[in-house]
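Q: Following the hints, position chains B, A and Y against chain W.
Number of protein chains: 4
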Amino acid sequence: MSDTWTPRLDRDGLAELLAEHFPQAGDAASWLAGAGEGWVELVLPFSTDQLRPGGTLSGPTLMTLADVAMYFLVLTHIGPEPLAVTSSLHIDFLRRPAATDLRARAELLRLGKGLAVGRVEMSSVGDPRPVAHATVTYALPRTENE
Amino acid sequence: MSDTWTPRLDRDGLAELLAEHFPQAGDAASWLAGAGEGWVELVLPFSTDQLRPGGTLSGPTLMTLADVAMYFLVLTHIGPEPLAVTSSLHIDFLRRPAATDLRARAELLRLGKGLAVGRVEMSSVGDPRPVAHATVTYALPRTENE
Amino acid sequence: MSDTWTPRLDRDGLAELLAEHFPQAGDAASWLAGAGEGWVELVLPFSTDQLRPGGTLSGPTLMTLADVAMYFLVLTHIGPEPLAVTSSLHIDFLRRPAATDLRARAELLRLGKGLAVGRVEMSSVGDPRPVAHATVTYALPRTENE
Amino acid sequence: MSDTWTPRLDRDGLAELLAEHFPQAGDAASWLAGAGEGWVELVLPFSTDQLRPGGTLSGPTLMTLADVAMYFLVLTHIGPEPLAVTSSLHIDFLRRPAATDLRARAELLRLGKGLAVGRVEMSSVGDPRPVAHATVTYALPRTENE
Chain W
1 MSDTWTPRLD
11 RDGLAELLAE
21 HFPQAGDAAS
31 WLAGAGEGWV
41 ELVLPFSTDQ
51 LRPGGTLSGP
61 TLMTLADVAM
71 YFLVLTHIGP
81 EPLAVTSSLH
91 IDFLRRPAAT
101 DLRARAELLR
111 LGKGLAVGRV
121 EMSSVGDPRP
131 VAHATVTYAL
141 PRTENE
Chain B
1001 MSDTWTPRLD
1011 RDGLAELLAE
1021 HFPQAGDAAS
1031 WLAGAGEGWV
1041 ELVLPFSTDQ
1051 LRPGGTLSGP
1061 TLMTLADVAM
1071 YFLVLTHIGP
1081 EPLAVTSSLH
1091 IDFLRRPAAT
1101 DLRARAELLR
1111 LGKGLAVGRV
1121 EMSSVGDPRP
1131 VAHATVTYAL
1141 PRTENE
Chain A
2001 MSDTWTPRLD
2011 RDGLAELLAE
2021 HFPQAGDAAS
2031 WLAGAGEGWV
2041 ELVLPFSTDQ
2051 LRPGGTLSGP
2061 TLMTLADVAM
2071 YFLVLTHIGP
2081 EPLAVTSSLH
2091 IDFLRRPAAT
2101 DLRARAELLR
2111 LGKGLAVGRV
2121 EMSSVGDPRP
2131 VAHATVTYAL
2141 PRTENE
Chain Y
3001 MSDTWTPRLD
3011 RDGLAELLAE
3021 HFPQAGDAAS
3031 WLAGAGEGWV
3041 ELVLPFSTDQ
3051 LRPGGTLSGP
3061 TLMTLADVAM
3071 YFLVLTHIGP
3081 EPLAVTSSLH
3091 IDFLRRPAAT
3101 DLRARAELLR
3111 LGKGLAVGRV
3121 EMSSVGDPRP
3131 VAHATVTYAL
3141 PRTENE
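Residue numbers (the working numbering), protein chains in the order written: chain W, 1 to 146; chain B, 1001 to 1146; chain A, 2001 to 2146; chain Y, 3001 to 3146.
Be a bit skeptical, because a hint or two may be false.
Cβ-Cβ distance ranges computed for the label pairs, FRET-style [claimed, not checked]: (1) W:H21 with A:T2006: 49 to 57 Å; (2) B:G1054 with W:A33: 24 to 32 Å; (3) A:G2034 with W:R142: 35 to 43 Å; (4) A:P2045 with Y:G3013: 32 to 40 Å.
FYI, nobody ran anything at the bench for these hints, they're computed from the structure. Quantities reported herein were computed from a predicted structural model and do not represent experimental measurements. Even for Gly, the Cβ is constructed at its ideal location relative to N, Cα and C.
The shape of chain W in the complex, shown without the other chains:
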């Protein structure tokens, strides 16, 4: 039997959580475009400061989106726990993304007591071919003291 995961936080709950605990995140909650059992989807609006030479999006733009997508995936599934932190991230850049909005779909591979692991596939809006693929591990704060 497969694991099932139920989202515990919606877009408004996420926006409130970030506003209270993570002001540096700005309006990132508005990137959340959808959520369901074991997945979230984000759309990052294009802006010119994401560009790098060659007219493509910079690596840090995509890495940040992957990290935020996984953070939202964790928060929507474990509830309001702003102290979850990235433990490792691996990303492969597959194609040069166009200068347009970027879509990310993050899926849980494992949600354990201490760690959550997921993968994130990114593509340009309007083109289904993946531009980058990441696997991300988050360390979850424990309820008991360690």
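A: Coordinates of chains B, A and Y only, in the frame set by chain W:
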């Protein structure tokens, strides 16, 4: 016999290159703190927008520093080639970095015709213990058409 | 529009290729359980020399399966080219696999001129939950001299 | 101040531990060539079954050596705990290794309560240029029940 690599671009050359081809990079060239055969060192000045909940630096702050360090390592060793792009990046977060300046030392593992591979060790200024460790691959533009 | 990929080599073609160029691979071609556009599936038969303390399969067993799955994925899609070599591999171990046959499904993320990138999901036969997830990059020999 | 780590297990202790708990490891303890504070060094003897097409060592040979090097690094530093398991592994293949003995040097980046992270550099005996570079994470069993 070990490979040897000679830097071909200094801080001023790097600053000029970025100003011309990569205005989004802002004053990142000023982060370059040293360079030698097969390595560069950067210091990223602390600012409050790097913080995340828990008072530590955000994952994207460290990933961006790792990527920029590898970009500078590549540019200083192959010369002015702004079209080199990140091909993959792997990062392990080891300790929560303090709210202070961040040091990165990047070292070449391989500089081939099509790919450059390096590792980046990051630590807080004033504390030698590594806070993160990355390996980064850059795809280098080829002089001949492919 | 999405990329499409057509398999160019079936199980018999793969077995012949390995017998001729890769005798150390033994009967690995018999692991191939299915192939289609952009994917292959393998089943690795259990044997006791795969065990490690705790009665679970060893890490090298899973890494070898991921690497072989990606090799078969590349060969079935680019045709008989035994000199394709692994360029990088990232694997997350998600759950301890049971002492039983192991299934791997590998999917192409990108098939370019010089590199192929894919992801491999592994699970125990009879349990759909993933036990490990890998992303693998292969360097493809070029037809022209470099 | 930097972390310091003291080895708690020597080659004979390692050989005994493997003989008792990990018979599948065979005589791997004999690969241990040296150990000190925060590092171990291994030498893997060459054998023809490590070869792949092109006369170079196969990817699984190098991945297995990286994993075993990290396992020995963990065991020599936390003491006899055979249940430590690989949690993730990332490897970059840098040059095609010659058909000869392979050296690995593994260094601790972090030894925490639940996780150990290290990096492993591999080279052919007689040639100091790295042929592969890995970062490996091990999950450590906890003394208290989770």
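Q: May I ask which of the numbered hints given earlier this structure violates, with the numbers listed in increasing order?
A: Hint check: nothing fails, all pass.
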